[in-house]
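Colleague: Residue numbers (the numbering used here), protein chains in the order written: chain A, 1 to 110; chain B, 1 to 110; chain C, 1 to 110; chain D, 1 to 398; chain E, 1 to 398; chain F, 1 to 398.
Just so you know, not all the hints are guaranteed correct.
As the list claims (entries may be wrong) - With a Cα cut of at most 25 Å, we get these calculated DMTMM-like pairs of lysine to aspartate or glutamate:
(1) A:85 / A:75
(2) B:2 / C:97
(3) A:50 / C:22
(4) A:66 / B:88
Worth flagging that the hints you see were computed from the coordinates, not collected in a lab.
Residue strings, one per chain:
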Amino acid sequence: MKKINAIIRPEMLNDVKAALAEQGYFAMTVYEVKGRGSQKGICLQYRGKKIEVDMIPKMEIDMVVKDEDVRPIIDIIRRSARTGKFGDGRIFVSPVELVAAIRTDDEITE
Amino acid sequence: MKKINAIIRPEMLNDVKAALAEQGYFAMTVYEVKGRGSQKGICLQYRGKKIEVDMIPKMEIDMVVKDEDVRPIIDIIRRSARTGKFGDGRIFVSPVELVAAIRTDDEITE
Amino acid sequence: MKKINAIIRPEMLNDVKAALAEQGYFAMTVYEVKGRGSQKGICLQYRGKKIEVDMIPKMEIDMVVKDEDVRPIIDIIRRSARTGKFGDGRIFVSPVELVAAIRTDDEITE
Amino acid sequence: MALDTGDTAFILICTAMVMLMTPGVGLFYGGMVRNKNVISMIAMSFIAFAIVTIQWVTAGYSLAFGPDISGFIGSLEHFGLNGVGLDGEGIPDMLFMVFQLVFAGVTLAILTSGVAERIKLSSFIVLGVLWTTLVYDPLAHWAWGGGWASQLGALDFAGGTVVHISSGFGALALALVIGKRSGFGKFSMEAENVTLTLVGGALLWFGWFAFNSGSALAANGLAANAFVVTNISAASGALTWMLASWAKGKPSSLGMVSGAVAGLVAITPACGFVGPMAAIVIGGIAGVLCYRMLLFRVKKGLDESLDAWAIHGMGGLWGALATGIFATASIGGVNGLIYGNVHQFLIQALDAGVAISYAFVVTYILAKVIDKTMGLRVTETEEYVGLDISQHGESMNA
Amino acid sequence: MALDTGDTAFILICTAMVMLMTPGVGLFYGGMVRNKNVISMIAMSFIAFAIVTIQWVTAGYSLAFGPDISGFIGSLEHFGLNGVGLDGEGIPDMLFMVFQLVFAGVTLAILTSGVAERIKLSSFIVLGVLWTTLVYDPLAHWAWGGGWASQLGALDFAGGTVVHISSGFGALALALVIGKRSGFGKFSMEAENVTLTLVGGALLWFGWFAFNSGSALAANGLAANAFVVTNISAASGALTWMLASWAKGKPSSLGMVSGAVAGLVAITPACGFVGPMAAIVIGGIAGVLCYRMLLFRVKKGLDESLDAWAIHGMGGLWGALATGIFATASIGGVNGLIYGNVHQFLIQALDAGVAISYAFVVTYILAKVIDKTMGLRVTETEEYVGLDISQHGESMNA
Amino acid sequence: MALDTGDTAFILICTAMVMLMTPGVGLFYGGMVRNKNVISMIAMSFIAFAIVTIQWVTAGYSLAFGPDISGFIGSLEHFGLNGVGLDGEGIPDMLFMVFQLVFAGVTLAILTSGVAERIKLSSFIVLGVLWTTLVYDPLAHWAWGGGWASQLGALDFAGGTVVHISSGFGALALALVIGKRSGFGKFSMEAENVTLTLVGGALLWFGWFAFNSGSALAANGLAANAFVVTNISAASGALTWMLASWAKGKPSSLGMVSGAVAGLVAITPACGFVGPMAAIVIGGIAGVLCYRMLLFRVKKGLDESLDAWAIHGMGGLWGALATGIFATASIGGVNGLIYGNVHQFLIQALDAGVAISYAFVVTYILAKVIDKTMGLRVTETEEYVGLDISQHGESMNA
Ligand SMILES: Nc1ncnc2c1ncn2[C@@H]1O[C@H](COP(=O)(O)OP(=O)(O)O)[C@@H](O)[C@H]1O
Ligand SMILES: Nc1ncnc2c1ncn2[C@@H]1O[C@H](COP(=O)(O)OP(=O)(O)O)[C@@H](O)[C@H]1O
Ligand SMILES: Nc1ncnc2c1ncn2[C@@H]1O[C@H](COP(=O)(O)OP(=O)(O)O)[C@@H](O)[C@H]1O
């Protein structure tokens, strides 16, 4: 199992959710975060001075999925969250060793 | 070291915290999230139409613990967070390579 | 690639951000969390009784970085977030297998 | 006596201020529920006000203030405000009508305490129309419309019985019929937005000046007396509740502001009959008493969720009795117990007792009937998701 | 007639209450925008009020209420409040001046609907001064300052045309010039703080009593009538909008409170001329009509963001016509259509039509001129970051 | 002269409106502190009002308005409101008493600025009772109760000296005794809920109309003048502070609303003596001056946390002097400096100087005594956790 952490523009969440659901990927956890990428955030011009707004609101989506689903999910998120402008976000994939349900005693390891 | 991510019903947080503390597990980080499981969230009937409320508030608990503590903690969380109904939540376990304190120079690796 | 999760005092965030930026580390995602460490939170004396405030607001910083950057970043965070008192926080490092941009098709594995 | 511009100005503004108490109750309550129900709680106060407005200008006003029928109810002579004119004694009749309207509105808003976080919106609307008609209107008639209580000489200056006993004991009956919130007693349901409750409390305190001193229906010394004792009782209640709860733990701001409301409730029937020093006592006792009633309610595992019973019901009862105890002829023309007038005290007790029984029983039956027919309560899933989403399709920070 | 303390007391307090409507609009709007623009939205209401204050006490009052020039505008005789004294008929002239000031202030605040979440602060200030001078002041003069509309006999008791048509159609023109919010139609821009909007709605309802009944300029039966019909129309509008939207889905609290505002708008010109039963109809139709206009606006892909056009513009138009329909001589001395007076109805239609055209065209030109010169809109990046940060350097939970 | 219903109506409502300023201060301040202290900040305003209420109706009113003793203090003749009746000249004596009460209440609320986020609740209560008794009551007596300042002819129409200088310089003394918030200067302590501050600001502006024009104690031309100049000065202050801060960076809404408050403070003593055009100047200068004082305070590393000193203290001082400069006999019967009356200006300066010294010194001593005995400040841990939890056991979103 893998965990996908996707950090996207908050306004794209509905599109991303819909695109994922279309392909049968429902389970996810989301929360509001703020962040800056390597561009150091957003630069406002103000009378010659530059003002950096360095923490831009983003939405983080966490999904724990089977290994073979990682690739299609990344593609779906990219397609549905992309605007082409700086700040579109980033996807991280990391290993998960065990998934346990709380309601039942189901467990999945690797 | 392992990281345990448990996503539970917000209203069960106090019970879970207490159950963990009873067994000596104090350290944790919590935050509010929203999520849907494979059930696609909650379905409301509304005049024949179904309305899906797909993002239900949950509480996420993150605990970084020794390998041998993973099993007992999962059991405690299951016991204290379970209602038996859809939406009880899920526990994920993933590897952690290094734990560093900030106050001191203590570090633990694997 | 590694993911660094640093849990710090919220009031130190600006210092930490500045210290990291000075060394060229910009990219990060932050969010508000609450937590308790092994000290079980903070203890208030109240007429002889002890009242435990067990969930103290913290700020979590997530950074996905190259392996060789882990050590310097930990040092910077320690230096800039340390007050020397209980509650300074903790840093966790865990493996990341893939980093994908959303705006472009760039990907980095390991 | 013709119209008086000063009195008219006073009651016009008072009416607007009392109107503001209705959303004030919504905010006060809204801060005490879980965030998933805050919109529902505030919206119900607006809706309560809207439906009472239409009910009042059609039938309600006439039922309460129309020519008396057997001491129990007014006739429908003023149906559709028929015969309610723009002139009058001191203030226009039309103004008196709307001043009474805003009282009826806020009373229904208080009642939502007993069904908070679990009532079906449609059922609330039906309940609201019926409750106002069957409970509020008769009680208003008894006290102020020439009904039996006023004939008997019962004193209720600004609505301790009509407004607070009725809604407080009505809320208790509703809570019994609708049942506890799911999870009540199992996990904490603490106030999630104390600031909002304090804002609501501020608007209530503000509006209450108009509620009580406006009940003099003139800008005179009696209104000034009502204003002063209202403020004193609120302050006294805030302080005693705070101190009483301090003895057990930290003094919460919720307790402090609840104590203020308790003081305001208790002085409501008395404010045209008692003086400032009595107000310190009335408010002070109200703060402690209502605090104890709240603790009692919690201990009994009763989910009368936002304590309309403890504060409005029991505070209103205490106020009715206190009026019979502390009334002084020098202010309102009637003496109470401490000036040797046992009779007045007994009348007060009787009036309160009948009001309690009537409000409780009729509300109970009404709630049962609605529950059996259209269902009072949302489904378990809807309750879990919260009324904001399930009843209004909205949520905070959507 | 000399000063009357009752009337003076009434209008003093009414003026304060109407002033509170301006931040009320800010809160009402602030809850409907995305959180990154909530401070901007509220701040603009304060700033609108501040700049109108200075404009009004220098030139504005004189332009609106100075001696008539050709039925179109007042002269500058009262420039700097020259000759506006502390005595008067019934109420001090100075008080009349400030009562009119607060109307001008709230009107500009309503206008911000059309440029929400995207206007440059500096441009808003310039726009505000010019708009008040070139649009509001003439309209106020026409209706109340002795201009052509009042000479013709057009009825506008409290500002349906002057305040609501002007700001509603002005907002529409602004929205057309400034363009849609980026992302409009692509992703949801739902209200993020419904509670705040409800608080704003409560303050609006409260202040509107003063707005409408204060327009009687005296504490009398006419004021009482205005008060009563105002409340009825608000309640009726709240209920019909709620029911109409219920037929399509969940009844949102935003719809309910928007319906109340629609009812308040529609009764504004009529409140000194119609009775309570007509108010039920006027408010009820306003609720449904404005709801449909909102749906229409959304369907057309028009980003008149917070629906000043649908609610104030179209509600104001309906109110102007409704005045011509339901007016009854027994209240305001003039009969309307249902009493056979076609003439009055036509005057109302003409007046509203001219006001709509004037407000729309002049606002459009003004906005174009500002857009071409200093630029009306923030940059795309500033809009993305939000006006709170980009215009004020502030944010919620900084 | 007997009671006048218009005047009585006016002052009844004004009293309620001024009362609303006290929670208004709480909200205004509450938005400026860190979220962990917002409940504490608002609760203190309520508690301030409650304790002052009890203090005032027992001893306070008599100390301020009882028969003069040596120009310094009133006697205890009216202890427990003894001899304060329901009739009077124009308005009931009892109403005058409560109108003065609400002034005393809001003054104590303003004082909390200096100890925000770090004072022990119990110590605040003790401090509040003593401060009102030892600082406020004498100052009120000097200015309005027949004390030396009024004998001398010092002008303070609505409390620039009594309310604002006293609380502003008192807050400064408190801040010096209690010390800086831990972390002050090290990390940012920016306003975390600007919306709440704007809501508080709206209530303050609203209530201030009653504060100032109500101080005419009658609904007349003088009240209208006070109302108008109050509004102008607020608007002017809002705009100049905004512009002054714009020159240095983004114009924050906090600056704008602080400027409005600065304008309101400065016009407070002057509003019964100056005209509209002077008000533009007085408010405009107040906006810039108080902004500079705030910057000065910050530069000096002084943690008078919410700027009562910069805004109320220095704004009040400027207002006292401005009264001596701009007063015109045509409005309040006295001329100021610009009409050649140097004498009045000197009296104003003397009065303000004595008030500043007295308020600062007595507050300083009082704070020291409490600090040495019961301790003024919470522990470091309690401060870190926040006063909401440590003093009230509550938190937002518990
Ligand atoms: N290396 C990283 N570690 C953690 N979070 C990151 C990293 N890089 C990007 N992010 C997150 O992704 C968001 C968008 O990143 P990116 O698209 O690179 O933004 P930008 O274009 O502003 O540089 C950031 O705001 C941040 O929250
Ligand atoms: N595969 C997953 N990845 C990320 N989060 C998940 C996953 N599955 C479940 N969750 C989280 O756990 C919560 C509860 O899940 P579950 O009990 O399966 O809910 P449900 O019964 O509604 O399907 C979800 O709301 C979501 O936040
Ligand atoms: N083992 C852990 N797992 C998850 N979070 C932790 C762990 N240990 C510490 N934390 C987080 O770090 C924060 C600070 O920890 P620490 O400095 O140990 O606090 P304290 O001194 O109060 O024990 C905690 O509030 C918690 O959020």
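Colleague: Run every hint past the structure and note whether it holds.
Modeller: Hint-by-hint comparison with the structure:
Note on residue 85 (chain A) and residue 75 (chain A): the hinted pairing holds, with a Cα-Cα distance of about 18 Å set against a maximum of 25 Å. Proximity of residue 2 (chain B) to residue 97 (chain C) is assessed by CA-CA distance (about 17 Å); at most 25 Å being required, the pair is judged to hold. For a cut-off of 25 Å, the pair hint linking residue 50 (chain A) to residue 22 (chain C) stands: about 18 Å separates their Cα positions. As the CA atoms of residue 66 (chain A) and residue 88 (chain B) are separated by approximately 21 Å, the hinted pair is consistent with the 25 Å bound.
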